[in-house]
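Chains as they are written, first to last, in the working numbering: chain S, 1 to 414; chain A, 415 to 748; chain Z, 749 to 1083.
Certain hints may be false.
Unchecked claim - Derived lysine-lysine pairs resembling DSSO-like cross-links, with alpha carbons at most 27 Å apart:
{"hint": "1", "chain 1": "A", "residue 1": "K555", "chain 2": "S", "residue 2": "K49"}
{"hint": "2", "chain 1": "A", "residue 1": "K743", "chain 2": "A", "residue 2": "K646"}
{"hint": "3", "chain 1": "Z", "residue 1": "K991", "chain 2": "Z", "residue 2": "K1032"}
{"hint": "4", "chain 1": "S", "residue 1": "K74", "chain 2": "S", "residue 2": "K89"}
{"hint": "5", "chain 1": "Z", "residue 1": "K859", "chain 2": "Z", "residue 2": "K762"}
{"hint": "6", "chain 1": "Z", "residue 1": "K945", "chain 2": "A", "residue 2": "K657"}
{"hint": "7", "chain 1": "Z", "residue 1": "K874", "chain 2": "A", "residue 2": "K646"}
{"hint": "8", "chain 1": "S", "residue 1": "K12", "chain 2": "S", "residue 2": "K75"}
{"hint": "9", "chain 1": "Z", "residue 1": "K878", "chain 2": "Z", "residue 2": "K824"}
{"hint": "10", "chain 1": "A", "residue 1": "K420", "chain 2": "Z", "residue 2": "K859"}
{"hint": "11", "chain 1": "Z", "residue 1": "K945", "chain 2": "Z", "residue 2": "K890"}
{"hint": "12", "chain 1": "S", "residue 1": "K89", "chain 2": "A", "residue 2": "K583"}
{"hint": "13", "chain 1": "A", "residue 1": "K646", "chain 2": "Z", "residue 2": "K751"}
{"hint": "14", "chain 1": "Z", "residue 1": "K768", "chain 2": "A", "residue 2": "K646"}
{"hint": "15", "chain 1": "A", "residue 1": "K555", "chain 2": "S", "residue 2": "K12"}
{"hint": "16", "chain 1": "S", "residue 1": "K74", "chain 2": "S", "residue 2": "K12"}
{"hint": "17", "chain 1": "Z", "residue 1": "K824", "chain 2": "S", "residue 2": "K5"}
{"hint": "18", "chain 1": "Z", "residue 1": "K874", "chain 2": "Z", "residue 2": "K824"}
{"hint": "19", "chain 1": "A", "residue 1": "K585", "chain 2": "S", "residue 2": "K5"}
{"hint": "20", "chain 1": "Z", "residue 1": "K751", "chain 2": "Z", "residue 2": "K824"}
{"hint": "21", "chain 1": "S", "residue 1": "K89", "chain 2": "A", "residue 2": "K420"}
{"hint": "22", "chain 1": "Z", "residue 1": "K780", "chain 2": "Z", "residue 2": "K768"}
{"hint": "23", "chain 1": "Z", "residue 1": "K877", "chain 2": "A", "residue 2": "K646"}
{"hint": "24", "chain 1": "S", "residue 1": "K87", "chain 2": "A", "residue 2": "K583"}
{"hint": "25", "chain 1": "Z", "residue 1": "K1003", "chain 2": "A", "residue 2": "K646"}
If you are wondering where the hints come from, they were derived from the structure by calculation, not from laboratory data.
In this text the structure is predicted, and so the values were computed from the model without any measurement.
So you can see what is in the structure, the chains are spelled out below.
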Amino acid sequence: MGMIKKVFHSPKFRLGFIIFAALLLFVFLYPLFDSGDPLEMIAVQSYLKPGTYVSQYDVAGSDGITLDVVASDKKLASHLPEADRNKMKTYLVDFVGLDANQVDTNNIPKLIEQWMDNYNPNNKAGLLVSAQRDYRNINKEVLAALDAGDIIIAINDPETGELIQNKTIHDQQYVQVSSVANRQVFPLGGDNFGRNVLRELVEATKTSLMIGLIAGIVATAIGLTLGLIAGYVGGTTDNIITFITNLFTVIPSFVILILISYSVGQEARGVLLVACIIGFTAWPWTCRSVRSQVISLRNRDHVNLMKLSGHGLLHILTTGILPYIASYVVMALILQIAQGILSEAQLSMLGLGAATSKTATLGLMMNWATLFSAVVNGSWWAYFPVVIVIALMSFSMNLMNTGLDQVFNPQLRD
Amino acid sequence: MKGYKKYFRKRIVWYLITLVIAVILNFMLPRLMPGDPVAAITANSAAGLTDRTAAQQIYDEYAEAFGLDKPVYQQFFIWVGKLFTGDLGVSFINYPRTVSDMIGSAVWWTIGLQLPAILTGWIIGNLLGALAAYKGKFIDKGLMPASMFISGFPAFGLATILIFIFVVKLKVAPAGGGYSFDLLPSFSWRFISSVFVHYQLPFWSIVLTLIGGQAIGMRSMSIYELNADYVKYSRFLGVEDRKIVGYVFHNAMLPQVTGLALSMGTMIGGALVAEIVFSYPGLGYTLVRAITGQDYPVISGCTLIITVMVLIANLALEIIYGFIDPRVKAAQVE
Amino acid sequence: MGKIMLEVKDLNTKYITREKEDVYAVNNVSLKVEEGKSLGVAGESGCGKSTLALSLMGYYFPPLHYMSGDVIIDGKNISGMSPDLVRKTVLGEEIAYIPQAAMNALNPTKKIIRFIEDVIRAHEPKATKKDIRDLATERFQKLGLPPDVLDRYSVELSGGMKQRTVIAVSTILSPKVLIADEPSSALDVTSQKMVIKMLRDMMETGFIKSMVFITHELPLLYNVTDDIMVMYAGQIVEQGSAKEMVFDPVHPYSKGLMGSIIVPEEGIRGKKLDAIPGTPPNLKHPPAGCRFAPRCKYATEECRAGYIPTRVFAESRMMRCRLTEDQLREVYANE
């Protein structure tokens, strides 16, 4: 108990723990509030912008409330993005001959006025065909925005095939958002498959943490066992294990990871297998450091005493040595978990992650975002949150590790 | 000099053994999988080909190349024999382009990107770390948490962030590739400047991910060295402060060189993935296209060449280390 | 009486700790060392003797801080000098230091000669490499060290050789005072003897003019130094000639300390070993009155109140006790 208290005294550990716990809490609590299937492809379009989507059908059907505000300015601004307005300016300056200072792209009503006065669809002088088309489209937008006429809702009479006017909607009519029956919230938008990014992210964080945890446990278990044996037994056994460890420290584990992952094939690559493969390639440095710790312990008096009183190897290792390196092993485990999460992400980026259709992981989300060019088309919501989650996990675990290190190796304190 | 020779001979022999084992692994791992490796390897890749005879031809060629009718050790020697002549097989996707041809161009892009980036990141990180240890306070309090946070970003994560800022928002850098797509490689000024412009984002994304980790390591090594007995002793003999800082920096840097060697594999792996984000024409991009296209010979060639690169980098570092740390030589004499 | 090489007057220094509680490690210490003489400082570990060594250098870096008092080397008071001036003109030149852990005192990645160059140039920036090498070679030869050590790294030297090299490097500028802090305690017997011989030779040849030798090994002090000073809890407890201190200690603490050793030369073999019960006090909160009182079997209530000053007795001796020499001797006689 005292140990845990001491550990939490370290501000670094505390900060790391809080970040990590907050992430965990969010991941496990979020599904309680939003129980939708994280992998459901809701949208037909790719990369929905973040926000609330309400059913257009329901909106048209709802009773309106009239608010006395001018609607046309904002409508114009949203119909005419800055790029279009710049094109309008180019037209007005280059082809109509207005002074550049007189045309202000930010003063929309004035701009529209100038446009309506000067745009002539028959003026084709010096214009490329594509430019002519551009300006025609802009003109259409302008006309649509200016047209404040009512929208008429009509229903088709099933017998006569006649359209019967049901309702008209004018431009000062509003509907309260929560009164619209069908709504979909995409707090972080949609991804390339039309999935809800936030739901997917929560699911992916959970899966990646699990992969990290399994990989970390596998790597630590192998590294610890080999390290204990090599350090304690020594001699030829040590030489062999050290040789293998050095070998796999130099041969990049990244490469072994690729070879094994590729070889097992896309179909077989489930979350569990990917985690085990990562763990299986990550043990060397844990083994290395456990070994050196054990060597410094193996000639301590209490170990010698156990040896003299005839205890077995297993008993000495578990009661004479393991408790002394326990804090160290925990630190190694934390680092391995963090590294496991990163490895999964990199593997998935290469296209060697868990099978795509069945699950989401942080790496797979990154993979889709790069593959379906979210990064270059500015759909930041599809990858920023993923990068931030990876960084936060890695940061929090590194902090906890540093904090533990300072508590257990006080001479490192500055 | 005798001590050095012995040390270098030992290390070179050790690396040769490692290389042999790496080559064996590269050969064996895909063959350890259950089933007919050639069928498994070619089935997926041939699926893309509409021409049935072409698919059959690929299968036959590969069955022969694998030498499946021969015992495993013979298969291995045939394969190694081909390696020595630089024959890594033929690509499935870009048939009949040879793997060595494809990799040959990619390798130089990767080396050209990663070698300077890793060195720059290492140097900047170490300078910052030493500064934080020595000057303390402001740099220490502000810089270290920031370093730790940034070093938590994987290189590909930083790559996406840099693209978002400099390509999507500021529009000051190209989105990807090694050079502008309307150019052909040549020694023209336009081509070189295009390469330089395309180089910036991949380069800095790798550098930035490295700085944090190196700075943290260097800081704690420097603090450790600052408290060493020789520092106290030198001070009491009146040696100037800047000289002592020099001692500390030199000695704290030594474990950082070893650390660089140990993490070389991880760094290169991370940087290769960052290449993908930029569609940089290096090994990372070649590798990911090969994986997507199930192009086994290219994958195998890439992993082999990456291994060789990491081994060479490590050996180089160990040789440099041997020269800068006299303890290595002393250990050989004993 | 010879020229006074080192004089310390009421020196006080402290450690400022993280917990904001200061540790008063050196408390009102005064001492004198004449030319050609050596002073031994003895005491249990933690009594402040190593801190005294550091404080004598006049060069403080955290957590050690100067409070008050004077350190005068050959008539020059270094206590008021700026740290930079001390570094340039005092350290290594006037007063030199041999650290406790000579094993790690030399930078492992620098050749000995390169380090000597740095040391000499810190004081004489214009010295040429050749001059420095000639000086170092000559000095090493005179001290019985093989000159090829100069071109070695410290990792290539054995423990004893390392320590002797450190001594040679420390005294390369012939300082007036040498502070040796447990210079031989980590060595085997042969190396220890060589180190002691070397220190004595240096005194005789005048490479050093005086020495303060700090150790917890009392027999060594008797062999090496002229005078002995016993420290306890940052204060001087008793001081006198080596012979007097070893064979006739008066203060209860010195008596206990000397009683716990055997000096074979004088045939007091078989004398019972009186370990002093208890442990030295925590210097964050030193006891009021006599600091030794809690462990002293003769202590009374009066001992635990008020500051106890030092008193001079038997002409040249000095001790810090409430009782006089005669009173103490009477107490011992009645035992």
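Between the alpha carbons of K74 (chain S) and K12 (chain S), is the straight-line distance 27 Å or under?
Distance ~49 Å between K74 (chain S) and K12 (chain S) Cα, so the pair is violated.
Between K991 (chain Z) and K1032 (chain Z), does the CA-CA distance stay at or below 27 Å?
It is violated: about 34 Å lies between the C-alpha atoms, which goes past 27 Å.
Straight-line alpha-carbon gap K585 (chain A) to K5 (chain S), limit 27 Å
This hinted pair is violated, its Cα atoms lying about 51 Å apart.
Just to be careful, I want the Cα atoms of K89 (chain S) and K420 (chain A) compared with a cutoff of 27 Å; is the pair within it?
Not satisfied, since the Cα-Cα distance of roughly 76 Å exceeds 27 Å.
Is the Cα-Cα distance between K751 (chain Z) and K824 (chain Z) 27 Å or less?
With Cα atoms ~13 Å apart, K751 (chain Z) and K824 (chain Z) stay inside 27 Å; holds.
What's the verdict on K420 (chain A) and K859 (chain Z), does the C-alpha distance respect the 27 Å limit or exceed it?
The given pair, whose Cα atoms are some 21 Å apart, holds under the 27 Å limit.
Do the alpha carbons of K878 (chain Z) and K824 (chain Z) lie within 27 Å of each other, as the hint requires?
violated (32 Å)
Between K555 (chain A) and K12 (chain S), does the CA-CA distance stay at or below 27 Å?
Given pair K555 (chain A), K12 (chain S) holds - Cα atoms ~12 Å apart, limit 27 Å.
Checking one constraint from the list: CA of K874 (chain Z) to CA of K646 (chain A), max 27 Å. Satisfied?
Within the cut-off at roughly 25 Å; holds.
Below or equal to 27 Å on CA atoms is what counts here, so check K945 (chain Z) against K657 (chain A).
This hinted pair is violated, its Cα atoms lying about 33 Å apart.
For K74 (chain S) and K89 (chain S), compute the direct alpha-carbon distance and say whether it is at most 27 Å.
holds (19 Å)
Within a Cα-Cα threshold of 27 Å, do K874 (chain Z) and K824 (chain Z) meet the stated pairing?
holds (25 Å)
Violated hints, in rising order: 1, 3, 5, 6, 8, 9, 13, 16, 17, 19, 21, 22 and 25; the structure is consistent with all others.
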